[in-house]
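K.L.:
Here's the letter readout for the chains.
2 protein chains.
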Amino acid sequence: MSFTYGITGLGIMGGSIAKALKKNVVKNDEKIFALDKNPDSLKAALDQKIIDRAFNPEETKEFLSSCDFLFICLYPHTTVEFLKEHKNDFKTSSIITDISGVKSIYLNDYDSLCPCGADFILGHPMAGGEKEGYTNSNGDYFKNHNYIIIEDKNIKLPRGITEEEHKKNISFFQDLITKMGFNKITITDCSTHDNKIGFTSQLCHVVASAMVESAEDREITSFGGGSFEDLTRIAMINSPLWTELFLSNKEKLLSHIENFKNQITKIEELIKEEKSAELEDLLNDVRKKRIDMQK
Amino acid sequence: MSFTYGITGLGIMGGSIAKALKKNVVKNDEKIFALDKNPDSLKAALDQKIIDRAFNPEETKEFLSSCDFLFICLYPHTTVEFLKEHKNDFKTSSIITDISGVKSIYLNDYDSLCPCGADFILGHPMAGGEKEGYTNSNGDYFKNHNYIIIEDKNIKLPRGITEEEHKKNISFFQDLITKMGFNKITITDCSTHDNKIGFTSQLCHVVASAMVESAEDREITSFGGGSFEDLTRIAMINSPLWTELFLSNKEKLLSHIENFKNQITKIEELIKEEKSAELEDLLNDVRKKRIDMQK
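First to last, the sequence lines map onto chains A and B.
With our numbering, the residue at position 253 of the first sequence is 253, and numbering never jumps.
With our numbering, the residue at position 124 of the second sequence is 124, and numbering never jumps.
The set of hints was computed from the structure by calculation and includes no laboratory data.
Some clues are possibly wrong.
Note: identical chains are not told apart, hence a pair may lie in one copy or across any two.
With a straight-line Cα cutoff of 30 Å, these simulated DSS-like cross-link-like pairs (lysine-lysine) come out [unchecked claim]: (1) 49 <-> 272; (2) 27 <-> 250; (3) 84 <-> 272; (4) 61 <-> 91.
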């Protein structure tokens, strides 16, 4: 019987996953199915022969019962709602994963959303940008990007899934995303994920947004040499998504903002007091740290 | 008689200027001369046939008396010192320009540094990055970059230079940098330059540095999706140069830091108080502003 990959939510992420699967993963007898509320995205994907079959929201149960591996590419809280609503609709022994940028939200009421008879592996493909929608999706989007897979003692195995099966599924998952282009996979728990992502991703979006807000005028790019442009590109932000991400990870994000503001103040003080030698030492330390991070 | 371009300081900027001149500007009978204290950079540029003649610091007077158009590619205060020391050594009717990222420093004691008998046009090629030195220089470095030329009522015409001559020189300068690859030239005064650059360039370097300093560990890039990397690339900073730039533009930079911190605090408060609708409005405004800036 042929194996079917399913994608719920055919936006830039879901679309890119579909294209990466089509390009690098699926064999002749394998299929890609997609579910979306937007018929245009589905039509485009069908026309481009990226997906083999399209489902609208009314056909969700039929869609879910056909998918052996399901990517839920919805906003974080919509993913939680989707899981709750359909916990009994997944294909037996299938694998369900998400792409949410915040993971602790799954822990609040885990039993109510844990799929029944299907394996549940939380994941986070670390790719993104200022573009949105299926039309901007791209099969090479994930090349040389990071993927985070969650293993957390609070995420219990769904009923009907054995330890052995789960191990096999994790290994299948890792092979799959490697074929899709990801080149570094990190396994961690929900809290570590949210803490690290609160820094590398959310804090950066807060900082870029504050930078754009503090621009005196919009003609600023005549005076740009690349720094401002690179730093603020991510400020072309998807506002509902990032509002949700910021608020869902409130405590960890606020602690990163606090820490960042302290570091800004430290530099500010050195400039104010014209402590040239100390400022140079600090910048030198920054340079070394940042070069180390490249390795 | 052949026209000679001169470059003092053959680092990444001076080297890239030499290469862009060689590639796109100089004709058969024109020459490029360079002065540097580092014999290796001079040797490399001679071997690569980028420059026609190399001068060491002891030969400065001979060098200066040969150059029809001189790029002074030194650190800001070193440029001021160089101008003071050699104000009487420049070739009559030649054009002298700098590349300093801060301009008000020239106004403190302008008469003592204003070249004698040569035209003086302050400029700022808006290109830079984390690399340094002649070995990293590149003739395509300036493609599609901005150049700022200073016209300021406090920068008086040097003795012996007429208004008419100066206008012709500005126009020559604009043609020259356009050929070198720059595609947008903005003319402004010292104070506006320092205010704008304090924002687009210096504040970005402060923010990127504070971001790196606030990282908990150096393994952060396993959790990176590009935002942190793009935002902090410029933190691989040339610490002596940027210390000098920050302190030379202290007041304007501090005011930008203050304003930026207020914007961060505004976002922080919205997250703290979970004001979801207001946060989404703000991020939406940020998105629109940033998209406008691309135009």
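K.L.:
Give a verdict on every hint.
P.N.:
Outcome of the hint check:
1. Taking identical chains as interchangeable, the C-alpha atoms of residue 49 and residue 272 are never at most 30 Å apart, the minima being 61 Å within one chain and 46 Å between chains.
2. Within a single copy, residue 27 and residue 250 get their C-alpha atoms no closer than 43 Å, and across copies no closer than 62 Å, so neither meets the 30 Å cut-off.
3. In this assembly of identical chains, the alpha carbons of residue 84 and residue 272 lie at most 30 Å apart only when taken from different copies (28 Å versus 54 Å within one copy).
4. Only within a single protomer do residue 61 and residue 91 lie at most 30 Å apart by alpha-carbon distance; the minimum there is 10 Å, versus 84 Å between protomers.
In terms of the numbered hints stated before, the structure departs from hints 1, 2, listed from lowest to highest.
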